[in-house]
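Q: Given next are the chains, with one letter for each unit.
2 protein chains.
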Amino acid sequence: MRSSYYAVIFSSLQTTDTEGYSEMAEQMELLARTQPGFLEFEHAREGIAISISYWESMEAISQWKANLDHLEAQRLGRDKWYAWYKIRICKVEREYEFNRE
Amino acid sequence: MRSSYYAVIFSSLQTTDTEGYSEMAEQMELLARTQPGFLEFEHAREGIAISISYWESMEAISQWKANLDHLEAQRLGRDKWYAWYKIRICKVEREYEFNRE
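If you read the protein sequences in the order shown, they are chains A and B. Counted from 1, the first sequence has number 40 at position 52 by our numbering; the numbering is strictly sequential. Counted from 1, the second sequence has number 31 at position 43 by our numbering; the numbering is strictly sequential.
To be clear, the hints were calculated from the coordinates, so they are not data collected in a lab. You can trust all of the hints, since none of them are fake.
Listed next, the in silico PhoX-like pairs over lysine-lysine satisfying Cα-Cα at most 25 Å (straight line): (1) A/74 / B/79; (2) A/53 / A/79; (3) B/53 / B/74; (4) A/53 / A/68; (5) B/53 / A/79; (6) A/53 / B/79; (7) B/74 / A/79; (8) B/79 / A/79; (9) B/68 / B/53; (10) B/74 / A/74; (11) A/53 / A/74; (12) B/79 / B/53.
Using the sequences and the hints given, assemble the complete structure.
A: Here is the structure:
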């Protein structure tokens, strides 16, 4: 694996007000992918939504957190879309991968 | 937050052979919850499956990895159920939580 990298685990539950949510979620994923230090994105929702973005450094994460369009999305998220969320910033210490050829 | 804890991010894609998978997944979640050092479990599947378990220590993660019933589940996973998986062991460095009201 690369020498060191970071994961942002964003776990959330939505409110019933979903207006504009999917568009914003898609827009933010696309925007994150263009940021310096972005590595990878994984998402699944099944009741709880889990979105994980992977980054080269803590600095890259801080910059993404402070991005102006992202700040506006965060504000709307707290105002409308999320009943609950938890964000965990993690250092990836080890990894294993399995591929069925 | 607690002084330090760890996350195991298990991302996976299934094969078409799903026989016995749901039962085993449920059984492993229940078993994980009884292990020393277990903290929390989050899961969602939407194409990709993401399961995250949270643990008090790396030792707790190693013990869970070496649990005999879990080893058998891992073997079946590689033989039958998974087309791909990636496991990342992470140290949670920071966390934020939002609760509506």
